[in-house]
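Asks: The lines below spell out each chain.
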Amino acid sequence: MTELAGYVLSGLVTGAIFALLGSGLTLSYAATGVFNFAHGAIGFVAALLYFELTSGAGWAAWPAALVTVGVFAPLLGYALHRLMFRGLATAGETPQIVATIGLTIALPALGLWLVELFDLPAVTEGASARGLGPQPAGTWEPLAGVRIDSDQLVVFGFAVAAAAGLWVVMRHTPLGLRMRACVDSRSLATWRGIDADAASAQAWMLSSVLASLAGVLAVPALGLDQTAFTVLLFAAAAASVFGRLRSIPVTFAAGLALGVVQNLVAGYADFAEEVTGLRTAVPAILLLAGLVFLNRSRSRLAGSIAEDAPPPDHLADLPRWRRILPWTVSGAAGLVWVLFFADDYWAGLVASGLVLSLIFCSFVVMTGIGGMVNLAQASFAALAALTAGLVIGEGLPFPLAVVAGMLAAVAAGLVVALPALRLGGKVLALATLALGLLADQVLFQIDAFSNGTLGWKFPAIAIGSTDTNDPRVRIILLLDLIAIVALLIRNLERSPSGRAVLAVRSAPTAAQVIGVSAVRTKLTLFAVASAIAGLGGVLYATFAGQIFASDLRVNLGFVWLAVIVLQGVRRVGGAVVAGLIMGLSHEILSHVTSSAHVEAVLFGLGGMILAKHPDGVLAQFAEQRHRRRHRKEPPAGEAGDLPVAAEESVLALRNVTAGYGDATVLRGVNLSVRSGEIVALLGANGAGKSTACAVSVGAVSPLSGRVVLDGDDITATPSHRRSREAIFLAPEGRGIFPGLTVEENLTTWLPGAADRAAVYERFEHLAARRDVAAGSLSGGEQQILALAPALIRPPRVLIADEPSLGLAPMVVQQIFELFGELRSRGVALLIVEEKAKEVLEYADTVAYMGQGRITWTGPRSEVDADQLTAAYLGIGGTA
Amino acid sequence: MRKTTRIAAALAAVALAAACGTTENKGGSSGSGSDGVTDTSIKVGGVLVKTSATGYSTGGAELGAKARFERANAEGGVNGRKIDFVGAEDDNMDPAKGTTVATKLVQKDKVFALVPVSSPQFGGAAFLEQQNVPWFGWATGTQWCGTKTGFGYNGCLAPKPGAGTQTWWGNQVAAQIGGADGKSAFIQGTDSSASKYGVGTIGQSFSAAGFKLAGTSAAIPATAPPQDWLPYVNKIMKANDGKAPDVVVSIMAGAKLNAGLFGALRKAGYKGAISDATSYDPSVLADPAIKAGLEGVLTAPQFEPFESDAKEVVQMKADIQKVDPSAKLTQHVAIGYWTADIFLKVAEKAGKDLTRTSFLTAASTFTYENPGFGKIDYPKDKTEPNGCGALVQLKDGQFVVAQHLKCTDNVALKQ
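If you read the sequences in order, they're chains L and R.
Under the UniProt record's numbering, residues 1 to 879 are what the first sequence spells out, in order.
Under the UniProt record's numbering, residues 1 to 415 are what the second sequence spells out, in order.
Treat the hints loosely; a few may be bogus.
Said to hold, decoys possible - Here are the simulated EDC-like pairs of lysine to aspartate or glutamate, each with C-alpha atoms no more than 16 angstroms apart in a straight line:
#, chain 1, residue 1, chain 2, residue 2
1, R, K406, R, E312
2, R, K238, L, D270
3, R, K110, L, D270
4, R, K235, L, E587
Unchecked claim - Facing chain R, from chain L, some residues (calculated, C-beta under 7 angstroms):
#, residue
5, L222
6, R279
7, A342
8, Q445
9, D447
10, N451
11, E834
12, E838
Source of the hints: derived by calculation from the structure; they are not laboratory data.
Yeah, the Cβ is synthetic: ideal placement off N, Cα and C, and Gly gets one too.
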C-alpha cells in the first residue's frame, strides 16, 4: 500500500511536466488551429538557454529561469508567430504538420549551432542544469515509507500554478476571450474588432512560455537530451489528445494521470518485461488509444486533409514537350555526367540519393495524391527491409525477399489505414507517429525479427556480368524503378480510382453522396504507398549490404517528410529532387561548414518557406513563371459606369474591382450608403453581393478602386480596425461564435457590463440563456444575438448579408424592425438580399447588382417590377 | 479488380528485375590496395560520434589518435612513412550518415584505413568490408565482430553465443570488495534488445567471478531517462530475497541515467557497491548533481586509468598534453590513443611493401601486449573481447585507481 502511494505521489510529479507541456499544446492548437509538433523542441531550446545561463555563465537558478521563461520564451513565441505560424494559420493541414515537424528538427539544431558558433560551454552527454529547488534538496516523509523531496514539490507547485493561471487567463480575461473568439470563428472575430493576428501572436507567446517552463523544470531530470524531449512531447501529445485538443483542464488531468500510469506500469507490470520495449512504449500506446477512441467523433471525414483542392497547375497552358523539357535535359545531362565522368564516390552519392527518391515516391502517393500525412514512412521501409532480411537469412532467394518485404509493408500500411478511415489530418499524422514509435520500440526489438544486434546481411544483385556493387548499376536500376513507379502513379491519378481519390480528398461528403467509397480509395492509397516505401526499404538495405533495427528510425521520416514536401509532394519530380538533395547535401555542405547542425537547420527551416509557399519549391518556380508571363495583361477592371455617389455618404465603394486569385468578381462597383439610410443591395446568386460586403469590411482587398468611410480612404485599413471604428458586419449565415456563451458573444462587441445588461433587459430570452453556448440557440435567437450588440452600441455602418435567410417570417419581421430602429438612430445600413420582398418595404435606396456591376440604383419609389426582373436576370436594365 | 492486377504486375516486374540473381558483396573495384599510401606517408581518418541527439559523444578519440600518431611521426614514422591523419568525421550516431562519411573517407579522401572508428551504431561496416578497407576502433557493436577488415582495440565486445565473453568486470569488483563468496549482484539495463544482450553478458561475467545473480532488469525506458526512479529502485532494493543486493551493476550508457539511478538508490538507503561502465569522464565532475550521484561508484574503463603511474600511461598523458595542453582526459581519448597504437604496430609488421592486402595479412594473425590496454590477439579477438579492464572510483570528487588493469580468461557465452 505504501509502495502504491509512493508510485502515485511521485508519478504525479512526472505527470505534472507532461501536463504542463500538454496544456501548452492544447492552448496553441485551440487558439490557432495549428498543432505544434515542435512544442517539445521549444522546451529543449529553453532548457538549453537555462543551461548556458546557469552552468555556463554561472547565474543563480532563479534569475536564469526568469529570463528564460519570462523574456526569452515570449520573444521566441512571437518570432515564430511572425516567421511561421502566421502564414500557417491559413495554409492547409499538410503544410502545417510538415512545417512544425521541420521546426522540431531545426530549432534544437539552431540552438546547438549557436552554442558552437559562439564557443559557449558545449552540451555533452548527461549535461544538465540544477533545479529551482534548494540545494541540497530537503526530504519529507508524509506517509511512512513514502518520501518526497523539495525538487519534486517545486516541479509540482509550478506546474499546478501555471495551469491554474492559464485557466484563469483563458476563461476570465479579455485576452482569453479574444483568443477563444478567434478559434471559434476567425473572420467573425475580425469583424467584431478583434485583431486575430495579435490574438494568435499572444497565444503562441503563452504556449511558448508554458513549453519553456516545462523545459526548465524537466531538464534537471532529463538532461539536455533532444531525444528525451521528443519523448516528452509524445507524452504531452497523449495528454492533449485526451483533452480532445480543446480542454486545458482535461489535458492537465490526463497529463498527471499519464505520469501515474507510467509509474504503475514500471512498478507492477512485470509481465511486460518479457516484451522488450513495451514499457518504453507506454506513452505511444496511450497516444494511439486516445486518438482512435476519443477523436472519432470529430467533424473531419474520410481521413483526408479536409477540403483541400489541388493548387492551380501553372504550367497547364504549356505543351507537353515544353513541360517535360527541363526535366529531360537536366536529367540527361546529370545521367551522362554520373555514368561517364563522375568517380565512384559521386556516383555512390547519387545512387544513395536515388534510393531515397524511390522511397519518397510513396509520399507522392500518400500525401501528394491522397492528402494524408504518414509520419511512419521510415518504419514501413524498415519493416520491409527487415522482413526481406529475415527471408534472405532463411536462405530463400532474393526475389522472394523483395516480394515478402513489400507485402509486409503493404500489410502494415493496411493496419495504419484502419485508423485513417476515421481520422484525418493531424490526428492521422499523430496516429501514424505513435505506430511508428511502437514499431521502433517494440516490433523491431524482437530478436527473431531483426536478428538482434547482428542485423541482416544482404547480397548484391547481379545483372548480367555486372552487379550492384557498382554505383552506376544501382543508378540505372533505380531510375528504371522510379520510372515504373512514376507510370504507376500517373495511371493511378488518371484511372477511375484516381478520380475517386481526388473526389474523396476535395470533398469527402460529396464523394460519399455520389457513391465513391472512401474506404476502398484510402486502402488503395495506403497499399500502393506502402508497397513503394517497402520496395525502397529493401533496396536501401540491399545497397547498404546490411540492415539493422536502428537504421531507419521513425525520426528519420520527419527529415524525409520535411525535405520532400519542400520540393513539392505532388509530383515524382519533387521526390527525385528531394532524394538527391538528401544524398548530396552532406558532401556539398562539408565545403561550407564543419558543423553537423547546419544541415538539420537547413532541412528544418524549409518549414518556414512552406508556411509561405505550401506547394513546395518546384510549384513556386512554376507560379513565378506564370506570373511573369501574365504581368503584361491589364487588370480586368474598367472605368466606372456610374457617377460617384453623394458626398454625405458614410461608406462608399468607389470604382472597386476585386476578386479571388485569377477570378475577378467585382468589375468597377460604385456604391454608397448615407447616415440614416437603408440601402438594399439586390441581385442574383453569384452577382458579387457578398464580395462587395467583404470589400467593405476589408476581408477582401480590392485590385483597384477605393473604400471610403466618412470621407477618409480606408482601402488599406485592416479589417479589425475598420470594425473597431465603425463597421459592423452580420455575415451570411449566423454572425455568432457558436462555441462561446451568449454572454461571451456579447462581450466581444460590448466589453462593458452595463451595455450587456441593457441587451438582456431588452431581449429577455437571451438573459435566460446567458451561460448557454450560442451554438445551441435557435436560428432566430442566433440572429437576434448577432444583431443585438449593434443596437446597444450602434456602429456608423451596419452591413447585413442575407439576414433573413432561413428564418421564420415572424423573426424576419422582427429583424427588419431592428434595422428600422438603427436607421432612426442615424446608422447607415447596407442590407444584402436575394429575396427582395421584405427588404423593399424598409429600404430607402435600392441597388441592383449583376455580373459584378451595379446595374441600376435609385430610390425605392422608382423601383418597378420589370426593372427588378431585368436586373435579377442580368439582362440589360442599366440606368 | 484491375487495380490489384496492376499492382501484382508491378510486383512481378520488380521480382523479375531482381531475379537476375544475386552475388556476394565481395572485393570492390577500388581494391588497388595502395590507396592513401605514398613512399613517405600513410593517410588515415576516423569516424566518431562527435554530436548526437542524446548528447553522447566519442569525439575525444580523435585527440587520442592524433596524439599517438604525432609521437609516431616524431619518432620517424612507420617503416619510413609518416601518418597523415585527416581527423575524424562525425556520424551523429546515425547509421546512414556513418555509411556516407565512411564512403567519403575511402572514395574521396582516399584514406588507407579508418582509424579510429567509435560509434555504437556505425553503419559503414558493410561498405568497408566490401571495399577491403581496414578499420580500427572500439568494437562495441556486432558490426565489427567476425569481419575481415574490422578490428577492435580490445577485441569484439559483442560476441555471439558460444564465443568467449569477458569475466574481468566481475573479477575486478570481487577483488575490490574482498571476494565474491556469498555475495549477490544485480544487473540493470535499459528496455532495448541491445541492452538485454548486455545484461546477459555482464551477468555472466559476475556469475563467473563467483557472485550470485540476485536479479537482472532491462526495464528502464530506452529513449529517455525516467524522471522518477522509484519503481526501479524498489525492485532492486528487494531483489536479494527481499533484501538489497551487495553489488548493483549498471550497463546503461550515460551519466544522466547512471547518476539518476545511483542517487535514487542511495536515497532509498542502499549501502552496497555500485559499478558502471561509462561514468569515467571528467565532464561529469562539472555537474554537482551528477558528481554527487556518482560518488563512490566503481566505474570500469577498458584500459589502464589515467591516474595510474604505469610508464605507458605517463607517456600517453605526455603525448596528449603535447597536442592539447588543456585536453579533458576522457575514456574516448584513451580509446583513440590505443586504437592508433595497435594500428601502428600492425602497419609496422606489414613491412615496407604496404598495401591493404599486405596489411590485412599482417593483421590476420597478430599478437601484441601493452600494459596500457592489456593484450590483443587476432584472429581470436575478432570474435571475443580481450578480457581486460580496470576499476576507477570517484572519491571526494576525484577519480582514483581502485583496481589496475587486469586480464582474466573469457568463458563461453551462454545462449
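Asks: Restraint: Q445 (chain L) near chain R, CB-CB cut 7 angstroms. Satisfied or not?
Replies: Cβ of Q445 (chain L) sits 4 angstroms from chain R, so the hint holds.
Asks: Using the nearest Cβ pair, does R279 (chain L) come within less than 7 angstroms of chain R?
Replies: holds (6 angstroms)
Asks: Any CB of chain R closer than 7 angstroms to the CB of D447 (chain L)?
Replies: Hint holds; D447 (chain L) Cβ to chain R Cβ min 6 angstroms, cut 7 angstroms.
Asks: Hint A342 (chain L) vs chain R: min CB-CB distance below 7 angstroms?
Replies: violated (11 angstroms)
Asks: Should the interface hint for L222 (chain L) be scored as holding, given a Cβ-Cβ cut-off of 7 angstroms against chain R?
Replies: holds (6 angstroms)
Asks: Would you mind confirming whether the straight-line C-alpha gap from K406 (chain R) to E312 (chain R) stays at or under 16 angstroms?
Replies: At roughly 15 angstroms apart (the allowed maximum being 16 angstroms), E312 (chain R) and K406 (chain R) satisfy the hint.
Asks: Given the hinted pair K235 (chain R) and E587 (chain L), is their alpha-carbon gap at most 16 angstroms?
Replies: violated (49 angstroms)
Asks: Was the hint right that E834 (chain L) lines chain R, CB cutoff 7 angstroms?
Replies: violated (45 angstroms)
Asks: Are K238 (chain R) and D270 (chain L) close enough, with their CA atoms no more than 16 angstroms apart?
Replies: holds (14 angstroms)
Asks: Closer than 7 angstroms between Cβ atoms is the bar; does E838 (chain L) clear it against chain R? Give me holds or violated.
Replies: violated (55 angstroms)
Asks: Return the status of the interface hint for N451 (chain L): holds when the least beta-carbon distance to chain R is below 7 angstroms, violated otherwise.
Replies: N451 (chain L) check fails; min Cβ-Cβ to chain R is 9 angstroms, beyond 7 angstroms.
Asks: Holds or violated: K110 (chain R) and D270 (chain L), Cα atoms, limit 16 angstroms.
Replies: violated (52 angstroms)
In summary, the structure is inconsistent with hints 3, 4, 7, 10, 11, 12 from the numbered list given earlier, while agreeing with the others.
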